[in-house]
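A.B. asks: Once you have looked at the hints, place chain X on chain H.
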Amino acid sequence: MSYKTNENWFYKVVGRNVHLWQYVDSAGVADLAGYKIRLPDSYYGVQLVYPSEDITNGLMFEGTAYVEPFVNVDPNELDGFDNPTLTEETAILGTLNEDSHVNLNRFLSLAIVDYIKAMSADSRGDLGSKEYYMKEFWRKIGDNASNKKMFALVSPTTPHAVR
Amino acid sequence: MTIQEIMERSGVRETNLAIAWIRDAIHLIQSNGDDQVATWKTDITDTVREYPFPANLIKLKSLSVLDTSDDKYKRIRRLTHQPTVSEDTDPD
Numbered sequence: 001m002s003y004k005t006n007e008n009w010f011y012k013v014v015g016r017n018v019h020l021w022q023y024v025d026s027a028g029v030a031d032l033a034g035y036k037i038r039l040p041d042s043y044y045g046v047q048l049v050y051p052s053e054d055i056t057n058g059l060m061f062e063g064t065a066y067v068e069p070f071v072n073v074d075p076n077e078l079d080g081f082d083n084p085t086l087t088e089e090t091a092i093l094g095t096l097n098e099d100s101h102v103n104l105n106r107f108l109s110l111a112i113v114d115y116i117k118a119m120s121a122d123s124r125g126d127l128g129s130k131e132y133y134m135k136e137f138w139r140k141i142g143d144n145a146s147n148k149k150m151f152a153l154v155s156p157t158t159p160h161a162v163r
Numbered sequence: 164m165t166i167q168e169i170m171e172r173s174g175v176r177e178t179n180l181a182i183a184w185i186r187d188a189i190h191l192i193q194s195n196g197d198d199q200v201a202t203w204k205t206d207i208t209d210t211v212r213e214y215p216f217p218a219n220l221i222k223l224k225s226l227s228v229l230d231t232s233d234d235k236y237k238r239i240r241r242l243t244h245q246p247t248v249s250e251d252t253d254p255d
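Those sequence lines, one after another, are chains H and X. Using this note's numbering, read the first sequence as starting at 1 and increasing by one per residue. Using this note's numbering, read the second sequence as starting at 164 and increasing by one per residue.
It should be emphasised that the hints constitute simulated quantities derived from the structure, not laboratory data. As the structure is a computational prediction, the values presented were derived from the model and not from experiment. A portion of the hints provided could be inaccurate.
With a cut-off of at most 20 angstroms between alpha-carbon atoms, the simulated EDC-like pairs for lysine to aspartate or glutamate come out as follows [what the hints assert, rightly or not]:
(1) X/237 to X/206
(2) H/148 to X/198
(3) H/4 to X/197
(4) X/235 to H/53
(5) H/140 to X/198
(6) H/148 to X/187
(7) H/140 to X/187
(8) X/204 to H/53
Here's a subset of chain H near chain X, in silico, CB distances under 10 angstroms, partners left out [to be verified]:
(9) 6
(10) 51
(11) 55
(12) 70
(13) 76
(14) 85
(15) 145
(16) 150
C-beta atoms are modelled at their ideal positions from N, C-alpha and C, and glycine is treated no differently.
Pulled out of the complex, with its shape left as it was, chain H reads as follows:
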């Protein structure tokens, strides 16, 4: 049984894989006829060992992903009072066409317009325009990220300030 996994488990990113390590401060024991014995080749003391048990759905990754980039309806419009039900459209299914919607909000969709203008300028060799549109692209990405954050700016008033 795993316990305090936030304290006893560690990982290391190695290429496309994750290496899992378990911290142990004891000895590996086995049950034999009701007695716990330490096997000669088992671990003991403080060290990192490979995972020592099977855990179904034990490892959970969380991250950004390439999820349903194109969908059948506008993701920014409510369906009545509910969020729209999105169905992915792909080239493999034969459903991807010019009427497919990009699964982003309108601001990020406008950023994509800038990105395409930048790539189009790049293919023409117009590097000045490319740089301009890429700057616009990143500005919109930044604005979109800051739209989700709220903060208050507080500045102290000095005792002799004119009020």
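C.D. replies: Relative to chain H, chain X alone:
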């Protein structure tokens, strides 16, 4: 916004090229931000240390291991260096 509207706004006429650039842009957005966050779960196997990243993962945010004593996923920490392996039962 539809692909057609994006093409009209950007003045691109080739649909496949526009779709390819849209995919690239989405990848850039997901690499630098977190517009869509997902989770993936996989089994941990006794004595196996190596687990591949999910195929469609772009940027890793956290890694958690199920604490079976209270049935909760708990975020684990990253090692800053590769441990010295003195005994290896699963060399790859």
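A.B. asks: Going through the earlier hints one by one, which of them does the structure break, listed in rising order?
C.D. replies: Violated hints (numbers, rising): 3, 6, 14 and 16; every other hint is consistent with the structure.
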